[in-house]
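If you're matching positions, the sequence shown starts at 257 in the numbering used here and goes up one per residue.
Simulated from the structure, these hints should not be mistaken for laboratory data.
Incorrect hints may have been included.
[Said to hold, decoys possible] Restricting the straight-line Cα-Cα distance to at most 30 Å, the calculated cross-link-like pairs of lysine-lysine (BS3-like) are:
hint, residue 1, residue 2
1, Lys-628, Lys-572
2, Lys-286, Lys-392
3, Lys-323, Lys-338
4, Lys-338, Lys-286
5, Lys-662, Lys-323
6, Lys-662, Lys-338
7, Lys-575, Lys-628
8, Lys-392, Lys-628
9, Lys-392, Lys-284
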Amino acid sequence: MTTFVDRVELHVAAGNGGHGCASVHREKFKPLGGPDGGNGGRGGDVVLVVDQSVTTLLDYHYSPHRKATNGKPGEGGHRSGKDGQDLVLPVPDGTVVLGRNGEVIADLIGEGTTFVAASGGRGGLGNAALASARRKAPGFALLGEPGDAGDVVLELKTVADVALVGYPSAGKSSLISVLSAARPKIADYPFTTLVPNLGVVTAGSTVYTVADVPGLIPGASQGKGLGLEFLRHVERCSVLVHVLDTATLESDRDPVSDLDVIEEELKSYGGLDDRPRIVVLNKIDVTDGQELADMVRPDLEERGYRVFEVSAVAHKGLKELSFALAELVAEARAARPKEEATRVVIRPKAVDDSGFTVTREEESLYRVRGEKPERWVRQTDFNNDEAVGYLADRLNRLGVEEELMKAGARAGDGVAIGPEDNAVVFDWEPTMLAGAEMLGRRGEDHRLEGERPAAQRRRDRQAARDEAQDEYEGFHPFAGG
């Protein structure tokens, strides 16, 4: 049964924004009380947060589909919809967020580090928010914007100072168990360790972490065995320790050849040439092991390695090794650039930045790309003529018509707004008559500009009474002809 997972593909979907409400206030003696539709709520985000208590991506291996809640639609009486709840996903320290093509999107290191994997859609405006002096009673509202959706790859890279590398059964798990309080599984057969083990070591005033990287054999960098699966855990380590078995029972192996094989795999993986190395000759408590260590030590020292002879079973040479590692870790930490507080940089857009582009794709097809026009299209209810007229008005004010004319567009040419796979295409007319003009000029609504029906009826009744009074005053029963 899988207990450790360090790479998963996560399918995330943020919440959709709630639709705005188109409503008119109704009250006794107020037949047309004005628009009172509320705005829709914002959709929830999908947020990744580093949590030190989480050590594996196992939960997302079994449940890779995660979705935040949608925003609620607005209601009449100026009641806005409730915002969707953000979905917070805890991830281990050292998680790297990758795109589908392998590009690094975010590197999450440190408790509390957050990354928004999918942003929720904004809620649509209700007709109360769309009302203006020119459009006093909009008969439409904006739709909620869909939330982001997509796939990301989560890859865990262990955050440790020292990495123990070597052949299976070289004694790495035994070594980390005596250097720290870690208690990994130890047995006398290869591939006992199937997951990276972490241990905390204290040497004087220096405290550092040690990781046992399992499964390195010839061909590991090409995917053989378990090596490729766990080589990524070496990337963050500052010091590499070669644990060599001096008591191996295999006739075709010896510490020097083991070192050459592991170094070749590390070189093939790449990016580890600058890490300092230490060689540990393990299992010197065995008689043949001590003799072999004495034989190969001069050769290793000629290559420039610092060599330590240890026995995890007999606890020999451990103190010298732990302090040597602490020295190298302290040097690596001192050489790192100091982390500065993140500066908040505000880059406002230029005032005259229209925020869109018009390109000619075919002889009679033009495509409009930009954050504003694409969002406006997504939020437009195309079943409502007045909403379509409002969209046309906004695009005209943004300068889309002017840019289309500059690009050479003529009446009847096709205009696409949005990406290639989900665009709205329409035949362009310079005046952008879209049907809402039957209600008046673009941007106007005459339903509240004329007399109210009740007021008109009162005026008609008063005119009838005045006419009757005039006729009565002009009538004289005794007047002769």
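Taking the hints in turn, this is what the structure says about them:
In summary, the hint linking Lys-628 to Lys-572 is not supported, as the alpha carbons are separated by about 70 Å, beyond the 30 Å threshold. With a C-alpha separation of about 16 Å, the suggested pairing of Lys-286 with Lys-392 holds against the 30 Å cut-off. Proximity of Lys-323 to Lys-338 is assessed by CA-CA distance (about 17 Å); at most 30 Å being required, the pair is judged to hold. Taking the CA atoms of Lys-338 and Lys-286, the gap is near 29 Å; set against the 30 Å cutoff, the hint holds.
The hinted pair formed by Lys-662 and Lys-323 fails the criterion: a straight-line CA distance of about 43 Å is larger than 30 Å. As the CA atoms of Lys-662 and Lys-338 are separated by approximately 44 Å, the hinted pair breaks the 30 Å bound. At most 30 Å may separate the alpha-carbon atoms for a hinted pair to count; Lys-575 and Lys-628 exceed this at roughly 65 Å. With a C-alpha separation of about 24 Å, the suggested pair Lys-392 and Lys-628 falls inside the 30 Å cut-off, and the hint holds.
Between the alpha carbons of Lys-392 and Lys-284 the distance comes to roughly 20 Å, so the proposed pair stays at or under 30 Å and holds.
In terms of the numbered hints stated before, the structure departs from hints 1, 5, 6, 7, listed from lowest to highest.
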